[in-house]
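Q: This is what each chain is made of:
Number of protein chains: 2
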Amino acid sequence: MASQTAQKRIEGVLAPVVTPFRPNLSPDPDRFVRHCRWLLRSGCSGLAVFGTNSEANSMSVEEKLELLDALLKGGVAAAALMPGTGHCALSDSVKMTREAVRLGCGGVLMLPPFYYKGVSDEGLYRNFAEVIERVGDERLRLYLYHIPPVSNVPISLGLIERLLERYPGIVAGVKDSSGDWNNTRAMLERFKDRGFDVFAGSEVFLLENLRHGGKGCITATGNVNPGSIDRVFRNWRSADADQLQAGITATRKIVQEVPMIPALKSIVAHFGNDAQWRAVRPPLVELTAAQEAGLIRDLKAAGFSMPGLG
Amino acid sequence: MASQTAQKRIEGVLAPVVTPFRPNLSPDPDRFVRHCRWLLRSGCSGLAVFGTNSEANSMSVEEKLELLDALLKGGVAAAALMPGTGHCALSDSVKMTREAVRLGCGGVLMLPPFYYKGVSDEGLYRNFAEVIERVGDERLRLYLYHIPPVSNVPISLGLIERLLERYPGIVAGVKDSSGDWNNTRAMLERFKDRGFDVFAGSEVFLLENLRHGGKGCITATGNVNPGSIDRVFRNWRSADADQLQAGITATRKIVQEVPMIPALKSIVAHFGNDAQWRAVRPPLVELTAAQEAGLIRDLKAAGFSMPGLG
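Those protein sequences? They're chains R and Z, same order as listed.
Residue numbers for the first sequence follow numbering that gives the first Met the number 0, beginning at 0 and rising by one.
Residue numbers for the second sequence follow numbering that gives the first Met the number 0, beginning at 0 and rising by one.
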């Protein structure tokens with residue numbers, strides 16, 4: 000394996016960056032780089048590009064590698080990146096993870112292979128172990144991606160235990176998008192003191208996660224509300240932490256009233272004055288005009304803005 | 000669009016061909032071609048390569064295209080092939096479908112994009128329509144793949160209606176792996192007289208499907224029991240059809256006692272005397288020795304054999 004580096008682990012607020020598409024639905028590197036740069040100067044400490052909210056699985060490996068390349072050429076620091084690299088196909092996961100490590104990414108966020116359902120922990124263990132062994136690089140920081148409502152393939156505590164025991168230092172943490180605080184708390188209690196960093200999958204759990212030893216959150220609405228979410232991260236020990244948390248939870252609830260991914264894109268399109276941002280790839284569908292109008296009205300009524308965008 | 004051809008539609012028994020892997024888990028074209036040739040001379044009228052039972056989603060697009068190339072170079076007729084070409088990523092589905100049509104494949108069997116759950120029929124319609132438009136070839140014969148227990152993304156009757164209305168002749172049929180005969184029957188009643196060919200997803204429903212106007216079955220156990228299943232297809236109007244059907248149903252039930260994909264591979268390994276066939280890619284796991292021993296014992300007790308294999 001390649002030599003170990005002592006790069007600092009990513010903490011704080013990460014956005015699973017929404018992916019802009021051109022009118023022909025090809026990924027748009029220019030808009031992508033611009034949005035990533037805005038996120039990093041507006042409160043995000045890291046970028047979980049190629050996540051669920053990025054429509055990552057609606058893109059080929061080649062399309063994602065081209066976007067990654069554009070980001071680095073656009074001056075985004077690789078250390079701030081935690082790209083999604085988990086695919087159904089072992090060969091795709093290896094290719095994408097290897098490339099992310101080679102480019103110096105701070106970590107990778109890895110879905111389990113999600114086509115077959117009801118698979119065993121033994122099978123999932125073999126998947127992650129194969130990727131780690133084939134990449135064969137001590138610089139790899141692998142964050143497991145637990146999102147059973149979408150993947151339908153959970154990452155159990157037993158699986159984490161086994162991976163952490165075999166690959167300490169490489170298996171670096173988890174994003175818990177179960178929406179179940181009891182599960183996040185169980186992960187924290189069992190693994191937080193073993194070099195395993197727990198990120199909440201929504202800012203709704205950010206303060207609780209930090210109070211129990213978690214490291215931050217990787218959240219859809221980080222795409223549009225990074226400053227306020229980061230304020231909770233930076234001030235979680237302060238007297239007004241609960242009040243700050245209530246504010247970001249309220250904003251989240253407004254966005255959640257409509258389908259999340261097209262909602263995020265509508266918000267970026269509206270506040271950035273750039274209609275092309277509304278494009279989604281099938282099987283997703285953009286918001287209706289009425290849905291978007293209601294969303295924007297409610298956000299504005301709550302004092303929401305995106306300073307410096309567009 | 001390219002000129003129309005009058006190629007006969009595939010009917011009868013198709014196997015979703017299991018994919019052999021080498022010790023390093025790379026796909027093994029030589030074993031694959033040998034197995035495909037055995038299937039075609041043993042009762043299969045077509046090969047649904049790259050299906051669920053093929054571990055297709057555990058392979059990259061490139062790995063699948065190499066196997067397809069090996070098949071054609073190995074003398075397998077393209078007209079007998081119905082490769083799986085549906086991926087989560089629109090770009091992957093287009094690439095694979097375009098290549099299948101260019102090579103002259105008899106059809107393609109297309110999964111819906113299966114990462115996002117609870118997506119709308121509008122979004123799924125756009126996915127299939129985009130693939131059809133981008134491939135832009137009248138020779139395309141697209142079979143929809145309805146397998147909600149695995150994909151968790153169903154193909155509704157309303158979606159079929161809309162696609163068939165817009166793309167008659169190209170939208171050619173369905174594989175119904177719902178396991179719900181009422182659903183298969185509803186598809187038959189509504190679409191069978193409109194150039195839409197219904198294949199049962201298991202030979203358990205083969206006779207019923209044929210009696211209601213269906214065209215055959217695409218079935219996992221077609222990999223190991225093609226002759227007996229084909230006998231039902233060829234003799235479905237005969238007096239002993241129910242008895243023949245009972246025989247293949249009984250064999251299916253034995254195989255279903257253990258996980259299907261590793262079971263099929265164990266059977267091929269045992270009866271073909273070729274241990275390497277047992278290899279599966281993660282997240283699947285091969286049968287235990289005890290599971291395999293029980294399976295083979297039960298099959299032999301039922302008089303099962305694989306003449307001409309190995």
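In short, the hints are calculated from the structure, not lab data.
Certain hints may be false.
[To be verified] In silico EDC-like cross-links for lysine to aspartate or glutamate, where the CA-CA straight-line distance does not exceed 20 Å: (1) Z:Lys116 <-> R:Asp179; (2) R:Lys191 <-> R:Asp68; (3) R:Lys116 <-> Z:Asp239.
[As the list claims (entries may be wrong)] Covered, in the sense of this in silico footprint (three residues per stretch, anywhere, with C-beta under 8 Å from a C-beta of chain R), are these stretches of chain Z: (4) 32 to 41; (5) 84 to 96; (6) 109 to 116; (7) 121 to 128.
[What the hints assert, rightly or not] Okay, the calculated bits of chain R under chain Z, using three or more residues with CB under 8 Å as the criterion: (8) 88 to 101; (9) 104 to 113; (10) 117 to 130; (11) 146 to 160; (12) 275 to 286.
None of the values given here were measured: they were computed from a predicted structure.
Think of the CB as a built atom: it goes at the ideal place given N, C-alpha and C, for glycine as much as any other residue.
Q: Confirm or reject each hint.
A: Structure-based check of all given hints:
no.	hint	result
1	Z:Lys116 <-> R:Asp179	19 Å, holds
2	R:Lys191 <-> R:Asp68	33 Å, violated
3	R:Lys116 <-> Z:Asp239	38 Å, violated
4	32 to 41	violated (count 0)
5	84 to 96	holds (count 6)
6	109 to 116	holds (count 6)
7	121 to 128	holds (count 5)
8	88 to 101	holds (count 5)
9	104 to 113	holds (count 3)
10	117 to 130	holds (count 8)
11	146 to 160	holds (count 5)
12	275 to 286	holds (count 5)
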